[in-house]
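Residue-level listing of the chains:
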Amino acid sequence: MFNRDRWAEILEAMNANRFRTLLTAFGVFWGIFILVLLLALTNGLRNGVGADFGDFATNSMFMWSQGTSKPYKGLPKGRFFSFKLEDVEVLKDQVPELKYVSPRNQLGGFRGSNNVTRNEKTGAYNVYGDYPEFIKQQPMDITAGRFISYSDIGDKRKVAVIGVDVVKGLYDIDEEPIGTYIKINGINFLVVGTFKNPKSNGDQEEEANTIFVPFTTFAQAFNRADNVGWMAITAHDHTQITNVKQRVFDIMKEQRTVHPDDDRAIGHFDLAEEFGRLMGLFSILSLVGYVVGGLVLLSGAIGVSNIMLIVVKERTKEIGVRRALGATPWNVKSQILLESLVLTILSGMWGIACAASAIWLMNFGLSQSGPVDNFANPSVNIGVIFIALTILLLSGILAGLIPATRATQMKPVDALRIE
Amino acid sequence: MIQIKDLHKSYQMGSNSLHVLKGIDFNVKEGELVSIMGSSGSGKSTLLNILGMLDEADLGSYTLDNVSIKNLNEKVAAQYRNKFLGFIFQSFNLINYKNALDNVSMPLYYQGIKRKERTDKALHYLEKVGLADWATHLPSELSGGQKQRVAIARALASDPKVLLADEPTGALDTKTSYEVMELIQGINEEGKTILVVTHEPDIAEMTKRIVNLKDGRIIDDRPVNQILAKAHV
Ligand SMILES: Nc1ncnc2c1ncn2[C@@H]1O[C@H](COP(=O)(O)OP(=O)(O)O)[C@@H](O)[C@H]1O
Ligand SMILES: [Mg+2]
Chain A
-4 MFNRDRWAEI
6 LEAMNANRFR
16 TLLTAFGVFW
26 GIFILVLLLA
36 LTNGLRNGVG
46 ADFGDFATNS
56 MFMWSQGTSK
66 PYKGLPKGRF
76 FSFKLEDVEV
86 LKDQVPELKY
96 VSPRNQLGGF
106 RGSNNVTRNE
116 KTGAYNVYGD
126 YPEFIKQQPM
136 DITAGRFISY
146 SDIGDKRKVA
156 VIGVDVVKGL
166 YDIDEEPIGT
176 YIKINGINFL
186 VVGTFKNPKS
196 NGDQEEEANT
206 IFVPFTTFAQ
216 AFNRADNVGW
226 MAITAHDHTQ
236 ITNVKQRVFD
246 IMKEQRTVHP
256 DDDRAIGHFD
266 LAEEFGRLMG
276 LFSILSLVGY
286 VVGGLVLLSG
296 AIGVSNIMLI
306 VVKERTKEIG
316 VRRALGATPW
326 NVKSQILLES
336 LVLTILSGMW
346 GIACAASAIW
356 LMNFGLSQSG
366 PVDNFANPSV
376 NIGVIFIALT
386 ILLLSGILAG
396 LIPATRATQM
406 KPVDALRIE
Chain B
66 MIQIKDLHKS
76 YQMGSNSLHV
86 LKGIDFNVKE
96 GELVSIMGSS
106 GSGKSTLLNI
116 LGMLDEADLG
126 SYTLDNVSIK
136 NLNEKVAAQY
146 RNKFLGFIFQ
156 SFNLINYKNA
166 LDNVSMPLYY
176 QGIKRKERTD
186 KALHYLEKVG
196 LADWATHLPS
206 ELSGGQKQRV
216 AIARALASDP
226 KVLLADEPTG
236 ALDTKTSYEV
246 MELIQGINEE
256 GKTILVVTHE
266 PDIAEMTKRI
276 VNLKDGRIID
286 DRPVNQILAK
296 AHV
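Chains A and B supply the protein sequences, listed in that same order.
Just so you know, our numbering puts 398 at position 403 of the first sequence, and the rest follows in order with no gaps.
If you want our numbering, it's the position in the second sequence, counting the first as 1, plus 65.
No wet-lab data here; the hints were simulated from the structure.
Only a predicted model underlies this, so the values are computations on that prediction, with no experimental measurement involved.
Hints should not be assumed to be uniformly reliable.
As the list claims (entries may be wrong) - Output of the computed footprint for chain A on chain B, the stretches with three or more beta carbons under 8 Å from beta carbons of chain A:
(1) 115 to 121
(2) 135 to 149
(3) 154 to 167
(4) 175 to 182
Said to hold, decoys possible - Restricting the straight-line Cα-Cα distance to at most 30 Å, the calculated cross-link-like pairs of lysine-lysine (DSSO-like) are:
(5) 273/B x 193/B
(6) 308/A x 140/B
(7) 312/A x 181/B
(8) 151/A x 191/A
(9) 153/A x 94/A
(10) 406/A x 140/B
(11) 193/B x 94/B
(12) 140/B x 328/A
(13) 328/A x 179/B
(14) 226/B x 179/B
(15) 135/B x 406/A
(16) 94/A x 79/A
(17) 148/B x 308/A
(18) 328/A x 226/B
(19) 163/B x 240/B
Glycine included, each C-beta is placed from N, C-alpha and C at the ideal position.
Work out the full structure: start from the sequences and follow the hints.
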């Protein structure tokens, strides 16, 4: 079916009216170009927003206490309470689906007053009291030394792991931070590690402006007793945090003597749910890309079909001659079908190639200008290209079908009589 | 070679029906050169188209080279046309974007013959009609007589049993017409069966037998003393 003569015939026919062939090809080109580009842009948004979520394990939630709204067991409403360290063990015990339960406490923060000093230098930094597994929920690159360990927790060692931006603020360029001391709220801590964020995408300066100290040390040094500020909870991979969180709340309410129906007493942020919601949004955006690109492509295919109809009409006499010379109906039909298919696929491939170049240019621009908010690495995977090619193939066949049937409808004798 | 019996054909035009062929009986033996004469509208082309399997009769039988031609589907009809018949048209009907050689190759292409062999054969027939030097020229670069020679080469290319020519000289001046007739006579001398539709008596006199049609019937069928076109060129 695809021998050299076929190709010669097809090219000859397309060459016979080059301008029209180009115009027709453009419709298909444009459709597939738009389709691929829209999908790539959606991917760029998805990647960009995904990066803003940081590297935090997405199957996680944060949970904090925020005061009761119902009286319960003689306790008044409007009572403030704190989670306790013992609650962590209870949660781990009663909800085996949880992978990590990290209690956390915090000191200072963005635009807070200066709370950390070293020699003459001072700065305002986030100081967290954390457990060793926190680094598994929030991945960081340890650039020197180590993260908090369980012996730090057990011995309540006054050690600190500091972010690269803290290093920048408190140290001279050639100074080695490990083994030095910094003062947090007047208390000396030994620096045992430095870290940076794995991907410096989006605005995450706050993260590297951070100091981690052992939870127990923090509690003792800053008088938190066994109170827990909030918890970062991650579920095992096979369960959704969203599905187990209600059980977590129920246990916490019971632990802290909160009315079982008091839903305002515990605040939380469900990372998995938010992430899922956003990704759902992007699925819709992809769908829009498919629909819009598909429609443009469809109009391109209709254009091809139209042109092929005109071609068939113009060549009625030629087709009659060919049939007189021995062309079977299938000879004629397959010729028209192939012409439409080749036209569609060739112009479609061009569309894909141009879209790929445009995407490459965008990525190049991004890598030159640095990261852009909510947009990163626009790309299409090979699956999308495959789908696009399948759509092209189908539209090529569909576009050729009507003209091909039309081409052999007339009796040869009538076709020959046409002037 | 050709036997037809009681052939009828009418055209339906709205509610009217035009009875064009009203019972034609007619035989052609191998190697004959027959002209079909008649005034305009007498049904000459209709008869030739039925003989060429481009159209179908309503009634009657048609046998070509001992094969009964009846109720053929389009695919088989196409194959028969390719194998048995060569057409020569008044308006040449060359494919305008193909050069002379490719035009001549077309019947061979539909026979599925390989390119190399096809080109050799086509060139051979172009030589036969004296146009080997014009092989790569497009039809638009050829004169009317040359175009008809290319068309004749094309009709010969598949070595058919019968050549069917509908007014082959109708679009040519007298001198060129005689040149084309000389070529046709030569091909007939080599043994090919040829039917020529014409309304020009001088052309008919150059065949070996004249069949006269009037109002859809054969009114006269006689042999002629063939006039050699060569003498007039
Ligand atoms: N497809 C057709 N539909 C209707 N009438 C036709 C058709 N073809 C031919 N005719 C009519 O049939 C008659 C014979 O036509 P034709 O065989 O072409 O005559 P000739 O070739 O002898 O001039 C003419 O009157 C013509 O108008
Ligand atoms: Mg006629």
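- Item | Pairwise hint evaluation, residue 140/B against residue 308/A, where the allowed Cα distance is 30 Å at most | Satisfied, since the Cα-Cα distance of roughly 21 Å is no more than 30 Å.
- Please work out if residue 273/B and residue 193/B have their alpha carbons no farther apart than 30 Å. 22 Å, holds
- Item | Given coverage of the segment 175 to 182 of chain B by chain A, tested with a Cβ cutoff of 8 Å and a minimum of 3 residues | holds (count 3)
- Message: Hint check: residue 153/A vs residue 94/A, CA-CA at most 30 Å. Holds or violated?
- Response: 27 Å, holds
- Item | Restraint status (C-alpha distance of residue 406/A to residue 140/B at most 30 Å) | Measuring from Cα to Cα gives roughly 12 Å; hence the hint holds.
- Item | Per-stretch coverage check for the segment 135 to 149 of chain B, three Cβ contacts closer than 8 Å to chain A | Coverage by chain A holds for the segment 135 to 149 of chain B (7 residues, Cβ < 8 Å).
- Query: Straight-line Cα separation of residue 135/B and residue 406/A no greater than 30 Å?
  - Reply: 16 Å, holds
- residue 193/B and residue 94/B: Cα distance at most 30 Å? 25 Å, holds
- Message: For a C-alpha distance cap of 30 Å, please report whether residue 328/A and residue 179/B respect it.
- Response: Roughly 21 Å between the alpha carbons, so the hint for residue 328/A and residue 179/B holds.
- Message: Is the listed coverage of the segment 154 to 167 of chain B by chain A valid when you require three or more residues with a beta carbon under 8 Å from a beta carbon of that chain?
- Response: holds (count 5)
- Item | Proposed proximity, residue 179/B with residue 226/B (alpha carbon, max 30 Å) | 22 Å, holds
- Count the residues of the segment 115 to 121 of chain B with a beta-carbon closer than 8 Å to any beta-carbon of chain A: does the count reach three? holds (count 3)
Comparing the model with each numbered hint stated earlier shows that all of them hold.
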